[in-house]
Amino acid sequence: MLLFHSVIKRIMKSKIIKQILLSAFLALTFPCFSQEHLAGKVVEKDAQGKESSLGMVGMKWLNTAITATSDETGSFHIPFPESMPAKLIVNMIGYKSDTIFFRDKSKTEIKITLKNSATTLGEVKIVGKQNATSNLTTTTLNTELLTSKELTLAACCNLSESFERNASVDVNFTDAVSGTKQIQMLGLDGIYTQILYENLPFVRGLASSHGLSYIPGPWVENILVTKGTGSVVNGFESITGQIQIEMLEPDKADRFFLNGYANSEQRYELNAHLAKRFTDNVSTLLFAHASQNQLSMDRNGDSFLDSPLKTQYNVFNRWHYRIKNKAEGQFGVRALLEERIGGQTTEHVHDSIVPVPYNINISSKQVEAFTKNGFLFPEKPWKSIAITTTERYHKQTASFGNKKYEGEQKSLYVNTIWADIIDNTFHKIKFGGSFMMDDYRELFTTEIPAFSPWPQIDSIINNTLEMIPGGYVEYTFNNDTNLSVVSGLRADYFDDLGLMVNPRVHLKYNPSKETVIRLSGGRGMRTSHIFVENSSVFASSREIIIKEKLAPEIAWNYGMTFTYCFKPFGREASWNFDLFRTDFENQVVVDLEDVNKVQFYNLKGISYSNSFQTDFTISPIERLDIKLAYKYYDVKTTYNGKLLYKPLVPKDRALINIDYATNMEKWKFNFTAKWFGKSRLPNTSANAIEFQLPEKSTPYYTLMGQITKKFRWIEVYLGAENLLDYRIPNAIIDPENPFGTNFDATMIWGPVNGRVIYGGFRYKII
Amino acid sequence: MKTIKIILTTISAVILLSGFAYAQDTTIVIKTSSQCEDCKKRIENSVSFEKGVKKVILDVETKNATVTYDKTKTSPDKLKKAIAKAGYDADEVPADAKAYKKLPKCCKKGGMETSH
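Sequences listed follow chains V and G, in order.
Following this note's numbering, the numbering of the first sequence begins with 1237 at its first residue and continues without gaps.
Following this note's numbering, the numbering of the second sequence begins with 9 at its first residue and continues without gaps.
Take the hints with a grain of salt, since some may be wrong.
Calculated cross-link-like contacts (lysine to aspartate or glutamate; reagent style EDC-like; alpha-carbon spacing at most 20 angstroms) [stated by the list, open to error]:
1) G:K62 to V:E1858
2) G:K117 to V:D1516
3) G:K113 to V:E1457
4) V:K2000 to G:E58
5) V:K1785 to V:D1731
6) V:K1904 to G:E58
7) V:K1910 to V:E1485
8) G:K49 to V:D1731
9) G:K109 to V:D1516
10) V:K1385 to G:D99
11) V:K1946 to G:D46
12) G:K113 to V:D1827
Hints were generated in silico from the structure; no laboratory data involved.
Predicted model only: the values in this text are computed from it and were never measured.
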């Protein structure tokens, strides 16, 4: 029996048998299968012109299911397709794909020579970055690319503002006093979107509330926005989407860059970076950022600053090295210091019943180090091993009047990625293990808002140590013509939940050259940190109530997108629509329905988000691009047994982008208009009549625009945000009594700041 | 229907006229030593700020820069020198050595090929 087994095994191992089996299989599957074959050899030529055979090369007849793989000697054997002429696609990672045209079946033998495609091998992208010019209609995931060029078209002071012109990601103020902007995707808070920096965890934990302001816009090379569930390679955290930030790279960046910015709110900003290439294989890039907001402004006369005074210093140094054909890696360190001071200033307090002004003080400190190393196998270009690590320390203190928060987080993240192929390059596989450690120390205190010294009345201590080991495997099938599938599975061990398995699948199908259909589905989860994620509710008199031990949040996300590219009147145009549904298994519900409380509890009942988006892009004349987008959100959560719309999320929104550039882009004109429909406001009926809010917000629209002029070495720009100076009425409820029971600065459904005029320059030495 | 016809005629007239405006210009194709998308950016930027240049497109695949220019304001020689100054060969004009040295690795000759 054992002998029989080993014989069978040996037979199975033999390539010829494999091919016979494959042919037999093909013959069975395709009744009109022809018996004629094409045989040949695949070789590569080195610099000296010496030939060597190439094994494991995948090939396939275009528009058929007939495939073959070359063996160790480079030989292959593939049946001809039924209909001729036909094209044979030859594909191998690290080599340029080749397409060979066959008029008929007369030629039955062929030698195929493949050329090496690049120094950095395809799969090493996991440690490097994706090709900036990659056409995203080719990615399996529904990913949108925002290039640095796009980011310069608006006053992108930092990441949170870089989505102002984007239709898929929404940017909102969280409250009327802290100047914090957060993103939303599919109508759900940014915490459900995994924000990564070149495949490393970035905005998470204590950095969730202000993390997006920790990366200045000019540092960014590309932003990749994936709607719907993300890849399992980067962890379990992506639910509504994944935002991947790619920063400038030492071996490619301009040698010197300087950006200065100033606006009508007296925000001043300087960004500089310096790249040094020591040899072709060692390079470094140093980034520096300093900014200040120094104008105390209270245009609506509510005694609170419209936006806080801010100071930020931020430095980042990254290195890149390459050991030819062996390894490639990066490492870097980043440090950040941010201070925000807002609230009531002494000169603005008029008849407050308390002798003390309501102060807001938020300070963040962050230090981070990362490493990314990839090992290559020159004789097997499809194979690579990568190890990435991030170590981070974050300290956050915040005081909102009588509420004080102090938090500390130490994190360690390690991930390994092993990339290989199964049989041929149509089948790729990635697998690896990860380890995540977060040590949180949090202290929250509320003091009696009467007379100083205020005795403490309440304090919540939250010290947690999360250690989550995990592993994943991701298989990618790509037939190189019209179908690709990425299916991933990961398992992570949580202390309180045990082993959690999260599957994710993405599929892309091109029924025709002009049409792309994508489907995605999968599960994601995250642990919540309510104090920082909801720090804006501190800016209210609401009592903070944590009803129970909060469990990790778990949700399923399903999506479907459809893209159609066409050429009306010979001009390029595309139409896109997508549908996404997110279903929570568990959610940490933030309940604002009682005016005196904010309650946190685990979801009991259902919670979902349905999102529909459609957009149309056309370039009616050369260098003029117009984009129209419409979005509909239906987001509901069970609050204390009642299924209600998520507050402050407008159901409908629309966006128009109009961009025009003159010949050779010497002048650029960009214009964006956004419209927001009604959103539900939390119930305030228990308040005295003068402190009640309407049930719904009023629809409004905002305009923004920018003009850029390019000279040989310098670019200057001038623009305006919120051109119509729209501000929501009564941004703060009862601002006269910030320590009273009605005070609330969190009911924000629109702009708090008015019109902002800004200007700046970008100088570079390439 | 009639209005559409009028609009279409007007549009085509405008396009034709703008074509005539360029009819005075000359187009030249210059072979460069460009290697990648980054080079394209560098060469196009450098040439576009030369006096008299109306249009410049570099084809990464063929390494050819197609330049449309006003011949009363510049000459093929000046255009090639502009490309050379950016660190790239332009037909018979060799790249400026200093500028070439400062190019990133991917932009140097052979930077996009492997050296097995």
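Given the hinted pair K113 (chain G) and D1827 (chain V), is their alpha-carbon gap at most 20 angstroms? violated, 55 angstroms
Does E1858 (chain V) lie within 20 angstroms of K62 (chain G) when you go C-alpha to C-alpha? Holds, because 15 angstroms separates the two Cα atoms, which is no more than 20 angstroms.
Within a Cα-Cα threshold of 20 angstroms, do K1904 (chain V) and E58 (chain G) meet the stated pairing? Distance ~19 angstroms between K1904 (chain V) and E58 (chain G) Cα, so the pair holds.
Within a Cα-Cα threshold of 20 angstroms, do K49 (chain G) and D1731 (chain V) meet the stated pairing? violated, 52 angstroms
Please work out if K1946 (chain V) and D46 (chain G) have their alpha carbons no farther apart than 20 angstroms. holds, 18 angstroms
Given the hint that K117 (chain G) pairs with D1516 (chain V), test it: the Cα-Cα distance must not exceed 20 angstroms. holds, 12 angstroms
Are the Cα positions of K109 (chain G) and D1516 (chain V) separated by 20 angstroms at most? holds, 10 angstroms
Starting from K1785 (chain V), check that the Cα of D1731 (chain V) is at most 20 angstroms away, please. holds, 14 angstroms
Is the straight-line distance between the alpha-carbon of K113 (chain G) and that of E1457 (chain V) 20 angstroms or less? holds, 18 angstroms
Between K1385 (chain V) and D99 (chain G), is the straight-line Cα distance small enough, at 20 angstroms or below? violated, 31 angstroms
K2000 (chain V) and E58 (chain G): Cα distance at most 20 angstroms? holds, 18 angstroms
When you check the alpha-carbon spacing of K1910 (chain V) and E1485 (chain V), does it fall within 20 angstroms? violated, 33 angstroms
The earlier numbered hints that this structure contradicts are 7, 8, 10 and 12.
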